[in-house]
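There are 2 protein chains.
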Amino acid sequence: MERALREARLAAERGEVPIGAVIVGPDGAMLAAAGNRTEQDRDPTAHAEMLAIRAAAAKLGAPRLVDCDLYVTLEPCPMCAQAISFARIRRLYWGAADPKGGGIEHGPRIFDQPTCHHKPELYPGLSEGEAGELLRVFFRERR
Amino acid sequence: MERALREARLAAERGEVPIGAVIVGPDGAMLAAAGNRTEQDRDPTAHAEMLAIRAAAAKLGAPRLVDCDLYVTLEPCPMCAQAISFARIRRLYWGAADPKGGGIEHGPRIFDQPTCHHKPELYPGLSEGEAGELLRVFFRERR
Chain A
87 MERALREARL AAERGEVPIG AVIVGPDGAM LAAAGNRTEQ DRDPTAHAEM LAIRAAAAKL
147 GAPRLVDCDL YVTLEPCPMC AQAISFARIR RLYWGAADPK GGGIEHGPRI FDQPTCHHKP
207 ELYPGLSEGE AGELLRVFFR ERR
Chain B
87 MERALREARL AAERGEVPIG AVIVGPDGAM LAAAGNRTEQ DRDPTAHAEM LAIRAAAAKL
147 GAPRLVDCDL YVTLEPCPMC AQAISFARIR RLYWGAADPK GGGIEHGPRI FDQPTCHHKP
207 ELYPGLSEGE AGELLRVFFR ERR
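In the order they appear, the protein sequences are chains A and B.
Under the numbering used here, the first residue of the first sequence is numbered 87, with each subsequent residue one higher.
Under the numbering used here, the first residue of the second sequence is numbered 87, with each subsequent residue one higher.
Be careful, since some hints might not be right.
Since the list gives no way to pick out one identical chain from another, each pair is judged satisfied if it fits inside one copy or across any two copies.
[To be verified] Okay, derived cross-link-like pairs now, DMTMM-like style, lysine to aspartate or glutamate, Cα gap no bigger than 25 Å in a straight line:
#1 Lys205 to Glu191
#2 Lys145 to Glu88
#3 Lys145 to Glu219
#4 Lys205 to Glu125
#5 Lys186 to Glu207
#6 Lys145 to Asp127
#7 Lys186 to Asp198
#8 Lys145 to Glu216
#9 Lys205 to Asp113
#10 Lys186 to Glu216
#11 Lys205 to Asp127
Derived by calculation from the structure, the hints in this document are not laboratory data.
Starting from the given sequences, assemble the full structure and let the hints guide the process.
Next comes the structure, spelled out in structure tokens:
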């Protein structure tokens, strides 16, 4: 999660919403790390989790990240939650909760849907304080 | 929708689930067209809609596709539905309904969630017969 937080801080420095994600392979080695890049890439799908999933899948040469774990600083949105399910992520760790845009414990609760065919093990609240503080500072400075 | 069906047929020829998508700009000109490429790209996020959104955003140089319309042969999944919302797509036309994996009229019903901040105008059932038949033939041949 330390590395995910670092990616979030780097995203903030680029003017992006500070969210970072890391994917770790079955052997514990880091496969991919990314920060949010929606503005820089001019891509509404360029959330940290999506970029990390795409990079890890490219590295493994497989569309399913079996036995891989994902760390992200904020509760994933519905788009990312569904992508995490498609990618067959084993364990999902996240930092701050997102009542406004989250898709796991809020809104559509993607993993609780009968149409969701893979649900990772969930570990919310990891480094929650630091992850949330990064977001609060970012938005405070922009208002 | 004719062009989206063509992309779906091309996807089937590549061994992909036959789904195609097209994005049309405010002036009625086509901005992007894509078929499903999850296998070819080894990317669990490479659904036709996602690829079309990313290509159109890159073309416009903007993460929001204001006044653009999206045509897709199957009801979008929750990941694509949320991406369509983020991209601010104006009108969404789709072909066949997807009771097992759809995210608009089925499952998490993304656009009906209070956490969904943009809902496009919805036009389901366009060329529904042909779009559904492509999928039925594809899965029948693989069983």
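Discussion item. Checking an output row: Lys205 and Glu125, CA cutoff 25 Å. Within, between, both or neither?
Written reply: between (30 Å within a copy, 21 Å between copies)
Worksheet item: Between copies, within a copy, both or neither: which fits Lys205 and Glu191 at Cα up to 25 Å?
Response: both (13 Å within a copy, 21 Å between copies)
Item to complete: Evaluate Lys145 and Glu216 at a C-alpha cut-off of 25 Å and name the case that applies: within, between, both or neither.
Response: neither (30 Å within a copy, 37 Å between copies)
Practice prompt. Tell me, please, which holds for Lys186 and Asp198 at an alpha-carbon limit of 25 Å: within, between, both or neither?
Written response: both (18 Å within a copy, 14 Å between copies)
Practice prompt. Evaluate Lys145 and Glu219 at a C-alpha cut-off of 25 Å and name the case that applies: within, between, both or neither.
Written response: Close neither inside one copy (32 Å) nor across copies (35 Å); limit 25 Å.
Discussion item. Within a copy, between copies, both or neither: which one fits Lys145 and Asp127 at a CA-CA cutoff of 25 Å?
Written reply: Both: 21 Å inside a chain and 11 Å across chains, each within 25 Å.
Worksheet item: When no copy is named, should Lys145 and Glu88 be tagged within, between, both, or neither for a Cα gap of at most 25 Å?
Response: within (22 Å within a copy, 35 Å between copies)
Worksheet item: Quick one: Lys205 to Asp113, C-alpha cut-off 25 Å, is that within a copy, between copies, both, or neither?
Response: Cα proximity of Lys205 and Asp113: one copy only (21 Å, versus 42 Å across).
Worksheet entry | Copy assignment of Lys205 with Asp127, given that the CA separation must stay at most 25 Å | between (29 Å within a copy, 23 Å between copies)
Discussion item. At most 25 Å between CA atoms: does that hold for Lys186 and Glu216 within a copy, between copies, both, or neither?
Written reply: Within. Shortest intra-copy distance 19 Å satisfies the 25 Å Cα cut-off; inter-copy 39 Å does not.
Worksheet entry | Lys186 and Glu207: within-copy, between-copy, both or neither at 25 Å Cα | The answer is both: 22 Å in one copy and 22 Å across copies each meet 25 Å.
This entry does not satisfy hints 3, 8, going by the numbered hints stated previously.
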